[in-house]
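There are 6 protein chains.
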Amino acid sequence: MAKRHDQRDPSQLREVAVTLDYTEMALASCLIEVGKTRVLCSVSAEDRVPPWLRGKGSGWVTAEYAMLPAATRERTPREAVRGKQGGRTVEIQRLIGRSLRSSVDLKRMGEIELVVDCDVIQADGGTRTASITGASLALRLALARLEKAGRVRAGVITSALAAVSVGIVDGQPVLDLDYPEDSSAEVDMNVVMNQKGEYVEIQGTAEGAPFSKVQLVDLLKLAESGIGQLLSLGDQILAEHAQ
Amino acid sequence: MAKRHDQRDPSQLREVAVTLDYTEMALASCLIEVGKTRVLCSVSAEDRVPPWLRGKGSGWVTAEYAMLPAATRERTPREAVRGKQGGRTVEIQRLIGRSLRSSVDLKRMGEIELVVDCDVIQADGGTRTASITGASLALRLALARLEKAGRVRAGVITSALAAVSVGIVDGQPVLDLDYPEDSSAEVDMNVVMNQKGEYVEIQGTAEGAPFSKVQLVDLLKLAESGIGQLLSLGDQILAEHAQ
Amino acid sequence: MAKRHDQRDPSQLREVAVTLDYTEMALASCLIEVGKTRVLCSVSAEDRVPPWLRGKGSGWVTAEYAMLPAATRERTPREAVRGKQGGRTVEIQRLIGRSLRSSVDLKRMGEIELVVDCDVIQADGGTRTASITGASLALRLALARLEKAGRVRAGVITSALAAVSVGIVDGQPVLDLDYPEDSSAEVDMNVVMNQKGEYVEIQGTAEGAPFSKVQLVDLLKLAESGIGQLLSLGDQILAEHAQ
Amino acid sequence: MAKRHDQRDPSQLREVAVTLDYTEMALASCLIEVGKTRVLCSVSAEDRVPPWLRGKGSGWVTAEYAMLPAATRERTPREAVRGKQGGRTVEIQRLIGRSLRSSVDLKRMGEIELVVDCDVIQADGGTRTASITGASLALRLALARLEKAGRVRAGVITSALAAVSVGIVDGQPVLDLDYPEDSSAEVDMNVVMNQKGEYVEIQGTAEGAPFSKVQLVDLLKLAESGIGQLLSLGDQILAEHAQ
Amino acid sequence: MAKRHDQRDPSQLREVAVTLDYTEMALASCLIEVGKTRVLCSVSAEDRVPPWLRGKGSGWVTAEYAMLPAATRERTPREAVRGKQGGRTVEIQRLIGRSLRSSVDLKRMGEIELVVDCDVIQADGGTRTASITGASLALRLALARLEKAGRVRAGVITSALAAVSVGIVDGQPVLDLDYPEDSSAEVDMNVVMNQKGEYVEIQGTAEGAPFSKVQLVDLLKLAESGIGQLLSLGDQILAEHAQ
Amino acid sequence: MAKRHDQRDPSQLREVAVTLDYTEMALASCLIEVGKTRVLCSVSAEDRVPPWLRGKGSGWVTAEYAMLPAATRERTPREAVRGKQGGRTVEIQRLIGRSLRSSVDLKRMGEIELVVDCDVIQADGGTRTASITGASLALRLALARLEKAGRVRAGVITSALAAVSVGIVDGQPVLDLDYPEDSSAEVDMNVVMNQKGEYVEIQGTAEGAPFSKVQLVDLLKLAESGIGQLLSLGDQILAEHAQ
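Chains as they are written, first to last, in my numbering: chain P, 224 to 466; chain E, 224 to 466; chain S, 224 to 466; chain F, 224 to 466; chain U, 224 to 466; chain H, 224 to 466.
In short, the hints are calculated from the structure, not lab data. Where a beta carbon is used, it is the ideal one built from N, C-alpha and C, also for glycine. There could be a bad hint or two in this list.
Quick list of the computed label-pair ranges, beta carbon to beta carbon [claimed, not checked]:
no., chain 1, residue 1, chain 2, residue 2, range
1, H, 281, F, 247, 30 to 36 Å
2, F, 371, H, 275, 51 to 57 Å
3, H, 270, P, 463, 26 to 32 Å
4, S, 436, F, 242, 31 to 37 Å
5, S, 330, U, 330, 43 to 49 Å
6, F, 371, U, 238, 26 to 32 Å
7, F, 420, S, 452, 30 to 36 Å
8, H, 334, F, 377, 43 to 49 Å
My request is simple: use the sequences and hints to build the entire structure.
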């Protein structure tokens, strides 16, 4: 079992830090740092829901994702300048939104829409999974506030979520890939799970080389272990913040 | 084990029909019908590759996906009129392209780009997996022709591909969901595999209700069985067509 | 009187085939094949009319036109990817819409909008005239259904329509140009007529060489003869289908 | 034969005025006034041709058309604000460009592109035909200058062009419709002819009511007479200006 | 004190001409010519205000600015073709709109929106200041008409406006720069003032070389003198026109 | 002299904090905090310059500006989703770019383009002036690094820059407006100055009420004092960072 290029064990997460309420204009925000990857997740509430939900008493949760142009080693052109969101962006924000919706009971929200902005300040691999983990924390904080303010009923949050990437790098299954690993991985898989140990999303991609059933099992185990650690950390930070 | 709304067994595919060379302007084309879902997959060759590959001797395979406006029960607005491809479209065509690239040796292609257009003539669930299955067949036919014409080396195709959707409907794992099932599924998973029984893509989504490890195993088994049948059928049809 | 490159007489149509209800999600559809040109025309009904007609009790008929990227000998870039419909597309769909509206009594429709999608599956010249001929048949079928269902009054259709192209190729007036003829024509004219022998649209263009009054008369005669055949064929197919 | 709403005879043009070199930044310009319709036509030269003509020694002529927002009775939203040219605009500028190209020998131009901007300062019907008549004059002036400067060979202009609209209003064929007539016409036809009495474009549209062969003949006669007057006027003005 | 390239004194305006009601479809229009710069300013009224003002009884004034492609020495690509307004355009029309709003009492207008289109027919420097001066005149004329028609209360106009550019060219402060001066200016400043001698906008830019407080004072004096002349001229022309 | 709503004196800046190299992917970055306003300024280098500078040996400096959606009290829609940058954004980034270019000798740079991204993390008034002050610091740090690496000559920076807003609030001239002040200001002015006490940009706007010459003098004095403090602070922070 070889050490990785940054001396981590294959089953080791990068260092994770979470700052709740990093900014104060939003209803709730969370800066999550996973190694050098840094994502600011902010929750805003709007008093209207998308057209297809109007008058049904149900709420909605959606997400938007973007990277600051200078977040990456090579500057990434700004999507607002190019005039549209790229395919990767759209795919990621749909994933974040779907995952978050699996963790709430939309019917208990009333006709409120929560928009979770995930803006990547610095990117070093795993920005979509860091976004989901951070967004789930910010969402929990936001909903606690809305509940306290009497704007939503209790019990909107049905479970906590976290996400990690796993992959096969140089033939070895590893947890939480950074950018250099991600660039050379044979298989890349993002896993979102909840506190009950259930899967919310599994997105495994083998552009490099298809993978076997045995490898799939190994990857899912690694993911479960990493997600467990992230969920514990999140609970602890939310508990301390609430005091 | 209850029958499904269309009398299929949970592990039964819909009827599948494949017409190779349905149109004749493209290098190769394939009309695939899976139940009422009908997708026309056409392969075009271009003598230039994307900028980042120029001068490297390597080829490229990409895909575009679209639905005719009248393919769906409710007419879908035309993306060219709205002025951009929607998020769902972009996500699907990225999936098709990635899958196809996993089945070819780009370095043996030389500097040729193959564009596979997957146009949905009628949509009744499973359009992305039908697209992958059909696109793989059209691609194999196209590459056989290019090889024969001396434009690519032998052995560009490294494996055949097929894809199916599986999901959990009314608590029961089922194979190859049609639109009514897809709309009410708790879990929806698309699986792409190759002839060696390896995974190329797994995209499992639980917007309705997260799923357990046991359910995951069941779904993957169903997918493997369906993909096996599709791969056999494809081989047979290609063999007959070549005569 | 020389034979044409495909052995047709100057006044001879290509082979025409029409399949009504080729797809089943739309209110009515029609696949029209004119030689190798194949267009799928589908009619969808919407319960709202454009803003300027609201509350006036009148209906509307509009058309959209597109070509599948692989419909042409050289792949045509997808308009949704380019982010807008091209000039040729817009011009053609305006022509189709205007022509169809000349054949209905909008006031008898009530506030319903019918959208006719003309999607070119394969293009070998004459796609706009095939679209009009096919769209008129699909529209007649759709309106018969709406009338039967009590959603529109009787008599919405005021006349049947058909269209052909005529042109001057190598100095000789010819009927129903295919792509090779169209590319080298000195004059290209599209004519839309109704069953009463009246003109609905005449669009004659001489990018190659301007044309004389005598040539104009010859072209209009050829068009009238071709349109007569198409109208008879359409009537017969509709009559058989209704049984 | 009834007088028209502005006291003109059915076969009478509105008053026409032409000011050559109305502006001085362009290579040549022409303000054409037909009744209250006023169009500024300006010709600019660029030293490169479109991609498909590069290296072939041939030139190109193209046109762009636009209306100032305040040119119409009801302000028309600015296309640059809406983010794209409308269908009507595209259709018109394609017509102008095609017509102009029919009047020049592109091969004698060398690799120069002439762009003719037709900007409608005030619109009272017939803007597209006024644009063609004015653009042809500006183009002739521009080419005379380029020839004098040795930038193109002699003989690029192969014929003079002019255009008028004709139509059927209250059942009567009339020449040169103004906006009130155009709005209520049963048939609207734009005709472009050259000095040899040949047709360059005929675009007849019957959204109101289809028209018979007899009516077509009447309309074409009216058009020919109007175009003859416009061509004479143009020749005279160019001759005076050259002095 | 050196003469300028066109023989003007440093403190001398170019020749100014104003034609009110140059076009007649708009509510009011004004063609302003400052040297070779020519801008057509047209005012249109709409019976609805922007969303944020609805139901508040207040009106709105906004401006749009554009240049005809052939207005400049080198043809400028049309913004409607490029699909969006450029940064310079947006900046200028925001400036015009803000300035005009400073000169009216929006609350006395009632819920009417006035759109002032400033279309540059020919550009030779100072198009934005000519636009403001001309737009203010057209606006005063339009409001006089609306007041006369009983559509707005008296006293909507609170002051007359005019604008000029000043700058430092070859180290010397000058008034009303033409294009050659503007291109080589070290400092470029646009000043908008009202009849009370107050500032409405000051936009001074030193891309060439930063400027001192002394130079600022000189520039502001020049601007005040030029604006005074423009305001007198405007008053005189409006007075004559009203007769 | 009344205290302001946040207890500041009229001539008092908000608290300012600067963190150099807040992120590490860019060539240099700077997080500037002015009260609650927080802007991340990052400098990226590209080895090609805009087309009009190619082959001239000169460099270029440009800026892009954006606000995170959740930076404001009410969430601001994301420009990449709307498909274009808004007018305010374009105006601000043009101002930042122009200002920065006034502080460098582009000819000493060689053919390098520096892009300065100013991304507003939190907005409480004065984001454009904070952007300029922060961007100037990041640019100085970046150029010091490029000079050290031998990629540009010495002396590219010709002066340090800083910017503040001043305005008239409740009739009183004040320095460094926060959002509540900005929203109710009668006059809003942004001033950019360099270390020599020269003006680089003055942008004064009176949408509320035009301002007199005396008020202009007061505002410019306040601005000069604030800019002096910002320049001292910047010098000190750069000096400490370099150690």
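Quick rundown of the hints versus the structure:
no.	hint	result
1	281/H / 247/F: 30 to 36 Å	holds, 33 Å
2	371/F / 275/H: 51 to 57 Å	violated, 31 Å
3	270/H / 463/P: 26 to 32 Å	violated, 47 Å
4	436/S / 242/F: 31 to 37 Å	holds, 34 Å
5	330/S / 330/U: 43 to 49 Å	holds, 45 Å
6	371/F / 238/U: 26 to 32 Å	holds, 31 Å
7	420/F / 452/S: 30 to 36 Å	holds, 33 Å
8	334/H / 377/F: 43 to 49 Å	holds, 44 Å
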